[in-house]
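Undergrad: One letter stands for each residue in the lines below.
Protein chains: 4
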Amino acid sequence: MRIHHHQVEHHDSQSIGQWVEQFRPFAKEGKCASYIPALAQKDPQQLAISIIGPNSEQIVGGDVTELFTLQSVSKVVTFILACMDRGLPYVLERVDVEPTGDTFNSIIRLESHQPGKPFNPMINAGAITVSSMLDGNSPQEKVAKILLFLEQMVGKQLKVNEEVFQSEWQTANRNRSLAYYLMDSGFLDCPVEEALEVYLKQCAIEVNVSDLAMIGLVIANDGYHPQRKIQLFPKQVAKLAKALMVTCGMYNASGKFAAFIGLPAKSGVSGAIVAAVPNHASLESPFPAGCGIGIYGPAIDDIGNSVAGVKLLKHVADEWNMTIF
Amino acid sequence: MRIHHHQVEHHDSQSIGQWVEQFRPFAKEGKCASYIPALAQKDPQQLAISIIGPNSEQIVGGDVTELFTLQSVSKVVTFILACMDRGLPYVLERVDVEPTGDTFNSIIRLESHQPGKPFNPMINAGAITVSSMLDGNSPQEKVAKILLFLEQMVGKQLKVNEEVFQSEWQTANRNRSLAYYLMDSGFLDCPVEEALEVYLKQCAIEVNVSDLAMIGLVIANDGYHPQRKIQLFPKQVAKLAKALMVTCGMYNASGKFAAFIGLPAKSGVSGAIVAAVPNHASLESPFPAGCGIGIYGPAIDDIGNSVAGVKLLKHVADEWNMTIF
Amino acid sequence: MRIHHHQVEHHDSQSIGQWVEQFRPFAKEGKCASYIPALAQKDPQQLAISIIGPNSEQIVGGDVTELFTLQSVSKVVTFILACMDRGLPYVLERVDVEPTGDTFNSIIRLESHQPGKPFNPMINAGAITVSSMLDGNSPQEKVAKILLFLEQMVGKQLKVNEEVFQSEWQTANRNRSLAYYLMDSGFLDCPVEEALEVYLKQCAIEVNVSDLAMIGLVIANDGYHPQRKIQLFPKQVAKLAKALMVTCGMYNASGKFAAFIGLPAKSGVSGAIVAAVPNHASLESPFPAGCGIGIYGPAIDDIGNSVAGVKLLKHVADEWNMTIF
Amino acid sequence: MRIHHHQVEHHDSQSIGQWVEQFRPFAKEGKCASYIPALAQKDPQQLAISIIGPNSEQIVGGDVTELFTLQSVSKVVTFILACMDRGLPYVLERVDVEPTGDTFNSIIRLESHQPGKPFNPMINAGAITVSSMLDGNSPQEKVAKILLFLEQMVGKQLKVNEEVFQSEWQTANRNRSLAYYLMDSGFLDCPVEEALEVYLKQCAIEVNVSDLAMIGLVIANDGYHPQRKIQLFPKQVAKLAKALMVTCGMYNASGKFAAFIGLPAKSGVSGAIVAAVPNHASLESPFPAGCGIGIYGPAIDDIGNSVAGVKLLKHVADEWNMTIF
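Chains as they are written, first to last, in the numbering used here: chain D, 42 to 366; chain R, 42 to 366; chain H, 42 to 366; chain Z, 42 to 366.
Looking at chain D on its own, in the form it has when it is part of the complex (with noise of 0.2 Å):
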């Protein structure tokens, strides 16, 4: 375990380290995602948490080091970058943010509810048309932008896993299948295949469980950084992300996750978690509010969450009290 930037008191720490060893062995209850092939590849045992407070406290523990994608929770990052490139109101008038209770892959709802309008940003079919709608001339330009921003908030150049990337794109078929359905509704705003070239490497970014806390503490402080002290993105665009993370951030399983663990979160099939705990809420620990959390998994359970990761998160909510019920 490593302690980065200021030191949070002894005690703290060594909880995380033997918390990490207590829910560790819940992975097997889980798998790595097999639908992707180079997800499967991972080591299910590995579990990893990050804490990241507004005055750089940060405490770690588990497989701080390892790598690995953003997959889902790229979908926060790209839908506040849609808002600020094409403001709230085009971006809602070709994407809902009502959570559905259907699979993050449904097509249901795209046939069965006129216009088509994808529900929500947080599954796939929302994610594809937010994607379409960011700025640039092409997948290279969005990528770019994308990985521009996340660069402001980690504070490090990220970049795209091309054998994850060239992964999903060989088997991409069911989200191909989303987006010409969208296409053919009008949800779209680039052609399919480069609005899929964005959306499949933003999944693709790689980062660390400290890289997704960073994440986690701008959205926590409504757009501000407060280590470098600059304003990201409006205080209301934060405001949207985080009631869309609690509302469809962990699958179809955003219900239970508000209901016992109340923070927001989004969820990646990689096995990967950033949560954000919104600078006001309710919290006993050794960080003030305002802080972010990454954790990283890689055994999902059916619904596409980390098994271990979500204990491990739900724990230290529950010591901490952290939750913004």
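Be aware that a few hints might be false.
[What the hints assert, rightly or not] With a straight-line Cα cutoff of 27 Å, these simulated DSSO-like cross-link-like pairs (lysine-lysine) come out:
#1 Z:K276 <-> H:K355
#2 Z:K352 <-> H:K276
#3 R:K352 <-> D:K276
#4 D:K355 <-> R:K276
#5 D:K270 <-> D:K352
#6 R:K200 <-> D:K297
#7 R:K297 <-> D:K276
#8 R:K355 <-> D:K276
#9 H:K276 <-> Z:K83
#10 Z:K83 <-> H:K297
#11 Z:K72 <-> H:K352
#12 Z:K72 <-> Z:K276
#13 R:K83 <-> R:K276
#14 Z:K83 <-> Z:K276
#15 D:K297 <-> R:K297
#16 Z:K83 <-> Z:K72
#17 R:K186 <-> R:K197
#18 D:K352 <-> R:K276
#19 H:K297 <-> Z:K297
#20 H:K276 <-> Z:K297
#21 R:K200 <-> R:K72
In case anyone wonders, no lab produced these hints; they're calculated from the structure. Source: prediction; values computed, not measured.
Position chains R, H and Z against the provided structure of chain D, taking the given hints into account.
TA: Here is chains R, H and Z on its own, set in the frame of chain D:
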């Protein structure tokens, strides 16, 4: 406008009165619920608000003496009561806590998602299941328990509006359809007609906006009644109720309500809205956090929410920076 | 095996008897309907067939004296009766004639396809609507009319098996759910409990396979009773009934039944099947065209059709080249 | 009006000509398919019919020289061809033969009914699967086989209308969505773009009404070509094709078409209809049974069927008592 208990600063009281008049005209964009005959006769122009803080601060505006029925607002109350009566695991085995994106009276998921467990207690299917679980050997006993529980919160005896109940009872075909479906798939704990009687009577309990605000106050304070200084229900249940209000409380506009208002709230087709401002929420208002809000505006939109009421609540939340995000 | 009326050539009678024994063992691939308690007690090994031609030719095989209830076979009878009572336009305004691909007790389309008109009279929703339309001021009168109509076809008085009716009445939650939904959307012509009483009593009418064959005979002959030499119902209604039997008669295996057997037929969860061989159908059999077939084999498959019965009917149709295609 | 081959009695020819003019005005209740640009330019007033009997009797009326594309009529042809190429069991493992009640381009059941096997080959999803199964190492080879098979039926070489194909290819987003979904769930036998090329080219094959009638003639005669006196495809496949035409051939008006017309038929959004009058059907016409009918009327209804064409066909079937029921 009347000021109760402690007086809140004059200009705030004044603001509320002005805001009510500012938003009253929007009532004409909605209309009174027509499928319940007794509700159709209400004056659509009415609008009222009451906010009560933990130290008995109160501010009110509009038609505050008007009586109306709880309708779906009662779903929060009976869910809390069922959790107290049966324990959380028992309740959660019979009703999930996931949002659906469907209309409140939808039956589709009972068939399409096996084993047909209702998705959450804020839609009719889930609420009927919850009512069937309440303690009591008869509908009368169950309703008596609900009224007693409400009395503990609002500080006075409430009663069922028999005319509204009869009106709903006669026309409850859709709810009967839901209830018989639930019975068929094993999700009712008592006979259909008994569960329906409880459900429709809880919907017909009569309140005013300050009663609503008192309910919101206790939920906001995690089950603790700040005036009576007793814990009426467990903190965990209160947090779960608030999470459900955020993810599912405003029918299938819950996502937009969370995104743009960001408070746990529950609406009813009578035009009632209860909101709970958690005791650690962001707030720049005449009130400390941990306050409850009651709203009444009988002209509702297609989704079932008070048109003027939602606009008034958004204005108050914006002005006083009330949000959990 | 008994031979009635005119004797059919000896070797054909022998064939039928052998075929029954040949297909009887397939009963073990199914089981008696368990959701209706009175049906669950039947002997799953039973199998019987009766074929009656326009000139009173008859051939029978297997357990031909066994009594069983019509169940969904009654849907054809009441549909014809409703068309006579109300006229085709009135009936078609309240029930469509389109196949659905859904299970017989599905409720989804009543909500998903506005205005919620049941898709056809062969699924429960449509059949309940049809029962509600029958002439008569009470369930008793309506049931009496059905029994009278059946008597005109089969030549003897039939009766409702009260034990089966009571068994179904007690457990009819799913049908009640359908009926209340239909009432809510305006597709019931009498109170729910009355429509259900008629529907469940028509299902509980007791017959043997030769009674079934007589029903098939009249339908095959376009409503004309070849023995009694009277037109019992209009040719147009008979043709419509046969079309419905082909597109929707065998639950959601209707397509496969049409594809591989190719006869208008209707099955019931009691294991009953009635088939009508139109009076101009292709036929190389001991019978002229225009014959009726009754089958009974109580062990049904997941879809609701008699396992051994369908196989026996397919064999007979193949051997004797009975098909409308 | 031209009379080919054997001359049919004068007054029947006259009748057909009059009937065409009688039903032509109903075209204004429909309109040409607008989602395929090349179809939108057709003259909606056109109407034509051709009936060909087993002994080369023929009667025609209306715009009989007009060329149009097969569109969904091709689905019957490729289904038959796939059964010949792969054998029935192979085909039925990949496409079911059940009607759905949904629109022809619906995607919902691919997700809602596991394992996502398309319900029948007459809806787009099933037809694309069928096209992917055809013999041939390239789209060109597969299309060549279809054209050869058609040539064997109609007696002349047909060709793909390249303009229509290009028009559909450019706008085939919904079909691409279906195809990628099918690929994802394992129901495509060749790459998506190849299957789509075959499918859209088969739809763009150009015919006149007499070509259609010839296709109907061979199907009516169980795969036997009465003029060329050869069996073009197995009787069992022909009967299955006729069953599919009855249960699913007229989009989601198939039930009503069976109920009120009662002939195996398949329509296309070009306004084409092919009908097969089985060789033992009831008939009081200038033709013996076993005849084929081709109809063309480009103004289609919301469901996709030629408005005037269906009315004309119903009139002919009524007048000449053509029905399988």
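Undergrad: Confirm or reject each hint.
TA: A quick look at each hint next to the structure:
1. Straight-line distance between C-alpha atoms of K276 (chain Z) and K355 (chain H) comes to about 16 Å, which keeps the hinted pair within the 27 Å bound.
2. Distance hint between K352 (chain Z) and K276 (chain H) is fulfilled; the C-alpha atoms sit about 20 Å from each other, no more than 27 Å.
3. Between the alpha carbons of K352 (chain R) and K276 (chain D) the distance comes to roughly 20 Å, so the proposed pair stays at or under 27 Å and holds.
4. Distance hint between K355 (chain D) and K276 (chain R) is fulfilled; the C-alpha atoms sit about 16 Å from each other, no more than 27 Å.
5. Between K270 (chain D) and K352 (chain D), the direct Cα distance comes to roughly 33 Å. Violation of the 27 Å bound is thereby established for this hinted pair.
6. Distance restraint check for K200 (chain R) and K297 (chain D): the Cα-Cα separation of roughly 33 Å exceeds the 27 Å cut-off, and the hinted pair is therefore not satisfied.
7. Of the pairs offered as hints, the one joining K297 (chain R) and K276 (chain D) holds, with about 16 Å between alpha carbons and a cut-off of 27 Å not exceeded.
8. Proximity of K355 (chain R) to K276 (chain D) is assessed by CA-CA distance (about 16 Å); at most 27 Å being required, the pair is judged to hold.
9. Taking the CA atoms of K276 (chain H) and K83 (chain Z), the gap is about 39 Å. The hint is violated against a cut of 27 Å.
10. With a C-alpha separation of about 37 Å, the suggested pairing of K83 (chain Z) with K297 (chain H) is violated against the 27 Å cut-off.
11. Between K72 (chain Z) and K352 (chain H) the CA atoms are separated by roughly 46 Å; this puts the pair beyond 27 Å, and the hint is violated.
12. Restraint check: the Cα-Cα separation between K72 (chain Z) and K276 (chain Z) comes to about 37 Å, which exceeds 27 Å; the hinted pair is violated.
13. Distance hint between K83 (chain R) and K276 (chain R) is unfulfilled; the C-alpha atoms sit about 37 Å from each other, more than 27 Å.
14. At most 27 Å may separate the alpha-carbon atoms for a hinted pair to count; K83 (chain Z) and K276 (chain Z) exceed this at roughly 37 Å.
15. For the proposed pair K297 (chain D) and K297 (chain R), the alpha carbon gap of about 19 Å is at most 27 Å, so the pair holds.
16. With a C-alpha separation of about 10 Å, the suggested pair K83 (chain Z) and K72 (chain Z) falls inside the 27 Å cut-off, and the hint holds.
17. For the given pair, K186 (chain R) sits about 14 Å from K197 (chain R) by alpha-carbon distance, which is consistent with the 27 Å threshold.
18. Restraint check: the Cα-Cα separation between K352 (chain D) and K276 (chain R) comes to about 20 Å, which is no more than 27 Å; the hinted pair holds.
19. Of the supplied pair hints, the one linking K297 (chain H) and K297 (chain Z) holds, its CA atoms being roughly 19 Å apart against a limit of 27 Å.
20. For the suggested pair K276 (chain H) and K297 (chain Z), the alpha carbons sit about 16 Å apart, so the restraint of at most 27 Å is met.
21. With a CA separation close to 26 Å, the supplied pair K200 (chain R) and K72 (chain R) stays within the 27 Å bound.
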